[in-house]
Structure formats: structure tokens, C-alpha cells
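Chains as they are written, first to last, in this note's numbering: chain U, -18 to 173; chain L, 766 to 1105.
Just so you know, the hints here were simulated from the structure itself, not pulled from any lab data.
There may be inaccurate statements among the hints.
Which residues of chain U face chain L? A few of them, derived with a C-beta cut under 7 Å, are [unchecked claim]:
#, residue
1, K61
2, V71
3, V79
From the derived model, a few chain U residues whose C-beta atoms are all more than 12 Å from chain L [to be verified]:
#, residue
4, A(-15)
5, C40
6, D92
Beta carbons are placed, not taken as given, at the ideal position from N, Cα and C, and that holds for glycine.
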Amino acid sequence: MYRARLFAVRHARAFEWIYQRFERMMIALDPVFARIGYDRVERPIALIERGAKGLLFDCKMCGQCVLSSTGMSCPMNCPKQLRNGPCGGVRPGGYCEVKPQMKCVWCLAWDGAARMNGSDKIHEVLPPVDHSLQGSSAWLRVSREKAAKLRESHDAAKTAVAMAFPAARKNEPSSAPLAPEPPRAVDRETRR
Amino acid sequence: MTPADDDFSPSVRPYEDPPPGHVSGSRLERVLRQGKFAVTAELNPPDSADPEDVFEAARPLGEVADALNATDASGANCHMSSIGICALLTRAGYGTIYQISCRDRNRIAIQGDVLGAAAMGVRNVLCLTGDGVGVGDQPGARAVFDFDSLSLLRTIRTMRDNGVFLSGRKITRPPRMFLGAAENPCVEPYEWRPDRLAKKVEAGAEFIQTNYIYDMPLFEKFMARVRDMGLDQKVFILAGVGPLASARAARWMRSNVPGIHIPDRVIERMEKAEKPGAEGKRICIELIQRIREIKGVAGIHVMAYRREHQVSEIILESGVLKGRVAVGGRRHGDRRANNQ
């Protein structure tokens, strides 16, 4: 919905706040998702995501959401699908070259970004879209990615401990374990 | 295959390592790094398969320009391809700028074409988003836009500097090219255009060719901000100029060609002129002389669609070459460039 989109950009800062909380919640839910299986939650979550973001941002479900870097203006609504816009064809008044009745997605993006705390994110060069991810949930992708990062740092710490206490590890392997943990053990770790 | 004996026989330019302090063997890069005021010109691509038509279009431009831009279906109108024109002109000794628009080809095609162009001797590339298909001669075509101009810049820079495709696969001999991008200071959002330029530099742009500049106050404001951000030290900016044919043509361009801003005062001046063609040329020369005084501008880019016959007079009368002979049109013999 075009009007909801304009609303989202005008209130980019509020949406930024909501999104940050929401992201934390999704990361916290990683053990739950992992337990049920990301495969099985993919479809229902993607369905909810499509509905909510479709209404608010005219989301196209590219699966690689970058709203926080584009002033809460979805770049997939740009007829050229530019990820680092605007192009050089913007019409007077900030209207789109291809769809003259629509405000340029990227003029809105710079406006929205100026309202956000993370207003410098829009300066980062974004990679091209991976079209194989079209239709999948970007929310789950973020939670998986960040949770994996947490686990990675945990693994690095484990390795460091094992290397610092080699003799203890030799006598008592469980004092500095290196083998991959089963999900249930990992869940408890993450909760703690 | 016998090696070329004289300077005039078309031959393939060998793969060379760039001279020290350079990223490519491009003559345009050399001119810019020497601090000379550079001139580039846009070539009107033929609707023909005859190589002689390409050489004919290049002839009036080559003597005053350091490099010629071969457009890639600009305005979404079909013409001879940029890569074809560049290949022909490079072999004839011209400096060429290979324009890539993201509108018509996906990442697989573009990365392959970059290698092909580099192998043909092309040393400059201009990365563009491209106009929408709707304004062109075949509006029913599918628009691709797999890359945008920035992800394209970053990709070619990765190919050149890291020697890999975007897939991570190795390139044995990376394409040594001087990377360019466009910027349009005279359309909205004005206040963010310098930031967008910074982003292009970050993505890999080493030279910038702007769209037509007819609004000097707007361009001066843009350049002031660019200097404040220190961007003029990081990238060579070539300002886009071109002669108008008539007031009617100017109005038509303004409303039909994307991204062109011509102030009313310029159109009024064209209207009042007795000889619009001569007035268009005079306006263009005045613009060039004013642009040249702006700090941070490294050269000009002349786009004289269907007025190519005026280009050499415009450049010579404006005096920007300062008696220097442009290197763009020198016959292939510029071996010194290869041997450096």
C-alpha cells in the first residue's frame, strides 16, 4: 500500500526502534526455531512476514531485507530495483522516472534515513540481490545468521580454553570439550 | 597471424601491466593523473553493421578528445553495441570508454563482457544504471537490472584487484580497467547527490562523467559540497556539456529524455537567437569556460548528439586543451603507452 509506505518512511525512527526489539526477539527464539526445525517454521513465518511487511512496506519478499539501511523504504519497489539508488532519472519534485505518479523510492529512502539513529547505514554499498532467496523469510535468515555468530564466538572461546589447558583436557576431556554439542545441550547454553 | 608492422594496421593491443601509480594502461587515466584538463566525447552509435560507419562517427571527435564514450543503447534505443564499437575503435588506436548499462544484461553476461572488452584492448569502463525500457524504441522488452551501477562498480573492481569473479572463481589475467560512473547533480534529491557520489567512490569509481550541466548555480553548489567532503581528491570529475540545436529541441529533450534539466533562462536565450545552432554552440563554450574555473573539476565530457560536427570547434574555441593535442584519436602507434 503506497500510503502505508509513505507513513513508514515518515516514522522511520519508530520503525527502527520496533525492528531492533523485534530482531532481538527473533535471535532469542533461535533455540526454539532450531528445536522445531528451521525447515518447518519457514513457511508459516514467511507467510506472516509477507502479510505484515506487504501491508506496511509493499514488501516483495526478496528474502534479503535491507529496510534498516534504506530509511524504511523498500528498494524492491524501485522499478529498476536499485539497491544503491537513486538513479539519475528522478523527475522534478522527486518523482519516479518509470512511474511518474509515484515518489522516487530512493528520495524517500534518504529522507527516512535522515530520521533514523542508524542514518549512516545508507552510505554502505549493498551487494546485488540473490534471486534464489526470493520468497523466503528474511526474518528467519537474520535470526539464524546472528545466532550462528553467537555460537561461533562461543566455539572460539571453547577452542581457546582447550588450548590453554591441554593437560586437563587430556585427563578429563569434558573439562574443556571440543566436540560439537547436541542441540539440547546448546539450547541450555544459549539460555544461560 | 603476423604481427603488425606499421602503426596503421589494426592489431590487438597486448595485455599489459599498468604503469606505476596507475590501475590501468588507459591513456585517459594517464592524462588525468598528470593533472591535465581532460576531454571525453560521446559517440553517436550507428544503426549499421558497417565498421566504416563507426570510424566515420569517431573521426570528428578523435582529434579533440582523450577518449570516446560508446553508449550502451542509451535511452533504451537499440543501436550497435558498445563492446563492438569499442573493439573497432581500440584497434584503430582510439581511447575508448566502454559503457555498461545494467538494464539489458545480467551478472553472468556482464562479467564475461568485461573480460571480452579488456581482451579487445578497452581500458576504460563506465558503469551505468541505464534508462528504463519504457522510454525506448522497444518498450515491451524485459528490464533486467540484475546489478545496479554501484554493485557493478564493486564487482569489476573485485575482478580487477582481487582477480576473482563474483562467484569466487579465479581469473588468471584480471581486466586492468579504469573505472567510471555517472552522476547527475541537477536532478533531485539535490542535497543527497554528493553523498551518492561518495558512495560511488566507495564502490570503486575512479572517474565520474556527469549528465548535462546547464544550471551552473546548481552545479557550483554541488561541487562546493563535493570539495567539503574531500571527494575531488579521490575521484576525477568530468562535467557533462553539449550544444543545444534549438529551443524546441531543448524543450523536447527536457520532457522526453530522463534526467535532463535545462533551466528556462537557457531555453529563452535559444529562442531569442537568430541562429539557434550558433547560439547553442556559444552557450556550450561559455559553460565549458565557467566549468573549467570550478575547483575540483578535472575535465569535460561532451555529448553532442547529432551535432558532432561542432565538437572540435567547441573544444578548440573554448581553449581547454591549452594547445595540447588530445590523445584519443592518435593512431594505434601510441606504443609508448604500452611500453611504459
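A quick look at each hint next to the structure:
1. The interface hint given for U/K61 is met, as the beta carbon of that residue sits about 5 Å from the closest beta carbon of chain L, less than 7 Å.
2. With its C-beta approaching chain L no nearer than about 5 Å, U/V71 sits inside the 7 Å limit, and its interface hint holds.
3. The restraint placing U/V79 at the interface with chain L holds, with a minimum CB-CB distance near 4 Å, inside the 7 Å limit.
4. At the 12 Å boundary, the C-beta of U/A(-15) stays outside the reach of chain L, the nearest C-beta of that chain being 22 Å off.
5. Non-interface status of U/C40 relative to chain L is upheld: no Cβ of that chain comes within 12 Å, the nearest being about 18 Å off.
6. The non-interface label for U/D92 is inconsistent with chain L: the shortest C-beta to C-beta separation is roughly 8 Å, within 12 Å.
Hint 6 from the earlier list is the only one contradicted by this structure; the remaining hints agree with it.
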